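As given, the protein sequences belong to chains A and B, one line each in that order. Basically my numbering = 1-based index in the first sequence + 159. Basically my numbering = 1-based index in the second sequence + 52.
I should point out that these hints are in silico values taken from the structure, not numbers from a laboratory. Fair warning: this is a prediction, and the values are worked out from it, not measured in the lab. Be aware that a few hints might be false.
DMTMM-like mimics (lysine to aspartate or glutamate), calculated; alpha carbons at most 25 angstroms apart, straight line [as the list claims (entries may be wrong)]: (1) 178/A to 226/A; (2) 78/B to 258/A; (3) 200/A to 59/B; (4) 181/A to 244/A; (5) 177/A to 57/B; (6) 212/A to 243/A; (7) 195/A to 59/B; (8) 199/A to 135/B; (9) 122/B to 203/A; (10) 78/B to 217/A; (11) 195/A to 67/B; (12) 78/B to 226/A; (13) 168/A to 57/B; (14) 122/B to 258/A; (15) 177/A to 211/A; (16) 108/B to 183/A; (17) 199/A to 211/A; (18) 200/A to 135/B; (19) 197/A to 59/B; (20) 155/B to 243/A; (21) 155/B to 211/A; (22) 108/B to 258/A; (23) 199/A to 59/B; (24) 199/A to 57/B; (25) 177/A to 258/A; (26) 155/B to 258/A; (27) 197/A to 67/B; (28) 121/B to 258/A; (29) 199/A to 244/A; (30) 177/A to 135/B; (31) 199/A to 105/B; (32) 181/A to 226/A; (33) 155/B to 217/A; (34) 200/A to 57/B.
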Amino acid sequence: DTEVTQTPKHLVMGMTNKKSLKCEQHMGHRAMYWYKQKAKKPPELMFVYSYEKLSINESVPSRFSPECPNSSLLNLHLHALQPEDSALYLCASSQAQGETQYFGPGTRLLVL
Amino acid sequence: SQQGEEDPQALSIQEGENATMNCSYKTSINNLQWYRQNSGRGLVHLILIRSNEREKHSGRLRVTLDTSKKSSSLLITASRAADTASYFCATDSNSGYALNFGKGTSLLVTP
């Protein structure tokens, strides 16, 4: 099983809403990632969790709050987003540092 | 941060032809990966090539790596309409975890 799942597939939210994106993998991977991708651009790293601890935060605004409840789950809590935060949010996981990253299908977020 | 740069940015070919995409990077790497992304979907991993490897094959895909030139190429042979997608190269970062993606090549294969 090399699948990373993400929910929801699509999300529309207002600037005052609070929502969460969810990501799950059952491959026993110990590193999990959040990327943001704007249209016609490459993915940009937001956060890396290694062994359930936040190891990298790429200077992401505090309106994005990651959480890793256990080794299989990764959440991204959203609050007071801006319209420019509209993008495809991709989750990925890898067995270890430097190994292949497996991506989920993404959540397409629209902030109104 | 972005390290890989693919060229061409866009490529249009007919079914059956071969497609070649190139990627250049700036700093030393441990490995380089190629991914495919269909419009608005997640990325699909194609091949990982390590810095001590020069060539790797997977089905109709052939990847080469020249660390002296800091470049890699992805060759898709006998292309199919289903190969239409964006292709990204990605290199590992100093942290070892994050991937630095290139800008991508948009491939269109017409029947």
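Problem set entry | Pairwise hint evaluation, residue 244/A against residue 199/A, where the allowed Cα distance is 25 angstroms at most | Measuring from Cα to Cα gives roughly 15 angstroms; hence the hint holds.
Problem set entry | Given hint residue 135/B paired with residue 199/A - CA-CA distance at most 25 angstroms | holds, 17 angstroms
For this session: Below or equal to 25 angstroms on CA atoms is what counts here, so check residue 122/B against residue 203/A.
Result: Cα-Cα ~21 angstroms, so holds.
Problem set entry | Agreement of residue 200/A and residue 135/B with the hint, judged by alpha carbon distance not exceeding 25 angstroms | Given that 25 angstroms is the threshold and the Cα spacing comes to 19 angstroms, the pair holds.
Exercise. Regarding the pair residue 108/B and residue 258/A, is the alpha-carbon distance no greater than 25 angstroms?
Worked result: holds, 16 angstroms
Exercise. Does the structure keep residue 78/B and residue 217/A at a Cα separation of 25 angstroms or less?
Worked result: holds, 20 angstroms
Problem set entry | Pair hint residue 78/B and residue 226/A, alpha-carbon separation not exceeding 25 angstroms | violated, 33 angstroms
Exercise. Going straight from one Cα to the other, do residue 199/A and residue 57/B come out at no more than 25 angstroms?
Worked result: holds, 14 angstroms
For this session: Take the C-alpha atoms of residue 195/A and residue 59/B, compute the straight-line distance between them, and say whether it is at most 25 angstroms.
Result: holds, 22 angstroms
Problem set entry | Pair hint outcome, residue 121/B versus residue 258/A [Cα-Cα no greater than 25 angstroms] | Roughly 23 angstroms between the alpha carbons, so the hint for residue 121/B and residue 258/A holds.
Problem set entry | Straight-line alpha-carbon gap residue 181/A to residue 226/A, limit 25 angstroms | holds, 10 angstroms
Problem set entry | Hinted pair residue 177/A and residue 258/A, Cα distance within 25 angstroms | violated, 34 angstroms
Checked against the numbered hints above, the structure breaks hints 5, 6, 11, 12, 13, 16, 17, 21, 25, 27, 30 and 31 and satisfies the rest.
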